[in-house]
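A.B. asks: Next come the chains, spelled out residue by residue.
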Amino acid sequence: MEPVTFSVVLFGASVVAGALGALLGLGGGVIIVPVLTLMAGLNIHYAIGASIVSVIATSSGAAATYVRDRITNLRLGMFLEIATTTGAVTGALVAGWLPGRALAVVFGLVLMYAAWTMFRSRQEDVPTGVVGSPLATRLRLHGTFYDPSLHRQVDYQITGVPEGFGMMWLAGLISGLLGIGSGVFKVIAMDIMMRAPLKVSTTTSNFMIGVTAAASAGIYFLRGDIHPFIAAPVALGILLGTVAGTHLLLHLRGAAIRKVFLVVLIVVALQMIWRGIQGTIR
Amino acid sequence: MMPSKSAGAPDEREPITWMELMISYVLRGGVLVSAAVILCGIALVAVTRDTGYAPIQPHHLPDILAFHPTAGPGYFPAAPAAVLRAAWVGKPYAIIGLGMLLLIATPVVRVALSVAFFLAQRDWLYTGITVFVLAVLLVSLIVGVG
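Those sequence lines, one after another, are chains A and B. Each residue of the first sequence is one higher than the last, beginning at 1 in my numbering. Each residue of the second sequence is one higher than the last, beginning at 1001 in my numbering.
Calculated directly from the structure, the hints in this document are not laboratory data. A quick note: this is a predicted structure, and the numbers were derived from the prediction, not measured. Heads up, some of the hints might be wrong.
Just so you have them, the derived chain B footprint on chain A, three or more residues with Cβ under 8 Å [unchecked claim]: (1) 52–65; (2) 77–86; (3) 211–222; (4) 234–247.
The calculated label-pair distances, taken between Cβ atoms and stated as ranges, are [stated by the list, open to error]: (5) Thr1048(B) to Arg120(A): 51 to 59 Å; (6) Leu248(A) to Thr1017(B): 20 to 28 Å; (7) Pro1080(B) to Val260(A): 34 to 42 Å; (8) Leu1021(B) to His151(A): 23 to 31 Å; (9) Pro134(A) to Thr1017(B): 24 to 32 Å; (10) Val94(A) to Gly1128(B): 21 to 29 Å; (11) Leu1084(B) to Leu38(A): 32 to 40 Å; (12) Ala1120(B) to Ile277(A): 49 to 57 Å.
Note that beta-carbon positions come from the ideal geometry of N, C-alpha and C, so glycine has one too.
Sequences and hints are given; from them, build the entire structure.
C.D. replies: Here it is as structure tokens:
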């Protein structure tokens, strides 16, 4: 393949990944890594390096808009970053001792179960009848945002703080351990366990994934895993894509985003199981 | 200047608006600056047909993508000091690398900024939370776990 063709294909895939990532609160590695590995004999290190860059670009690009539009729950994100960062460090420390491949399969199955839970709530725009927990009140995690697709202000309460925190720690552990899938787990933790509205979950996940990724990006950069030839079209494509993704999020209903998320969730679960079996984990 | 009392009261959201705006600006600024730098690097490669290092020919592509080149086609600097030096003299691959470093730094700057905001609001709980996150982040960047 011509280097120019390679760059153009990668750029195009990154635009799509950026849009989807901004909409769903994921890093876009779900799309970037398979595209890269499908292109003749790509080293897994470069794929993960590009994936890390795509996570940071999606996060910063999308969060700039979501924070300004006041959809992101900043306190929720910052509080949960305690769990994700310590989880990521733990993951990196124990990476040599834990069976990474087996864990990838296990977490893939966990995602399948989460997909089932999401499927049952697929018609839901905004959770109803949630009574906030006292701990969430103490941490001032409850919030409100204006949803243009519903034409109204949505007030919501947060619950399940310990469960969500634990799941977030796992999300960090998985990203530190396997280098994949942390956005999906973050959205699930906030949506299923803490009962935040889906738009709040995906935008707050978006806000957080940049920090989780930045912790490991430095080491990937030093190792020479972030190749300019690969990372440059990815970064620019992703940033362009997030512009489209943030517009989509505002105007799509929660239930519609939920269905898109469900599809991607199943794809990520299968990818994780597949990579676990194949051994293409870090 | 900005008291932060009475959890959940509507007027409590006022000070955080200022913080939201600044965080949004920092994220947007980081993204725009790094994108501009990366774009400069790409434009230089396109115009001069030179990466600043050994050029990539079509027949090199599979090799480059298959393993880490330490020299020859596809080589690029990875140590931040080397990236800065080479970017300064206008080597396109180093300029792209500089853009990547700026992109990576953006979320870290955001966390540091939120510490300052919560401190200014005298919100000790969230000052503690963000300081902890910043510390873990910096330690992992320095020690190199991740």
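A.B. asks: With reference to the structure, classify each hint as holding or not holding.
C.D. replies: Comparing the hints with the structure gives:
1. 52–65: Three-residue rule met by the region 52–65 of chain A, so holds; n is 9.
2. 77–86: That given contact holds, which follows from 6 residues of the region 77–86 of chain A lying within Cβ reach (below 8 Å) of chain B.
3. 211–222: Coverage by chain B holds here, the residue count being 11 at a Cβ distance below 8 Å.
4. 234–247: holds (count 3)
5. Thr1048(B) to Arg120(A): 51 to 59 Å: holds, 57 Å
6. Leu248(A) to Thr1017(B): 20 to 28 Å: holds, 25 Å
7. Pro1080(B) to Val260(A): 34 to 42 Å: holds, 38 Å
8. Leu1021(B) to His151(A): 23 to 31 Å: Between Leu1021(B) and His151(A), where Cβ atoms are some 24 Å apart, the hint holds.
9. Pro134(A) to Thr1017(B): 24 to 32 Å: At roughly 26 Å between Cβ atoms, Thr1017(B) and Pro134(A) fall inside 24 to 32 Å, so the hint holds.
10. Val94(A) to Gly1128(B): 21 to 29 Å: Since the Cβ atoms of Val94(A) and Gly1128(B) sit about 26 Å apart, the hinted range of 21 to 29 Å holds.
11. Leu1084(B) to Leu38(A): 32 to 40 Å: Once the Cβ atoms are compared, 35 Å apart, the range 32 to 40 Å for Leu38(A) and Leu1084(B) holds.
12. Ala1120(B) to Ile277(A): 49 to 57 Å: Since the Cβ atoms of Ala1120(B) and Ile277(A) sit about 51 Å apart, the hinted range of 49 to 57 Å holds.
Hint compliance for this structure: no hint is broken.
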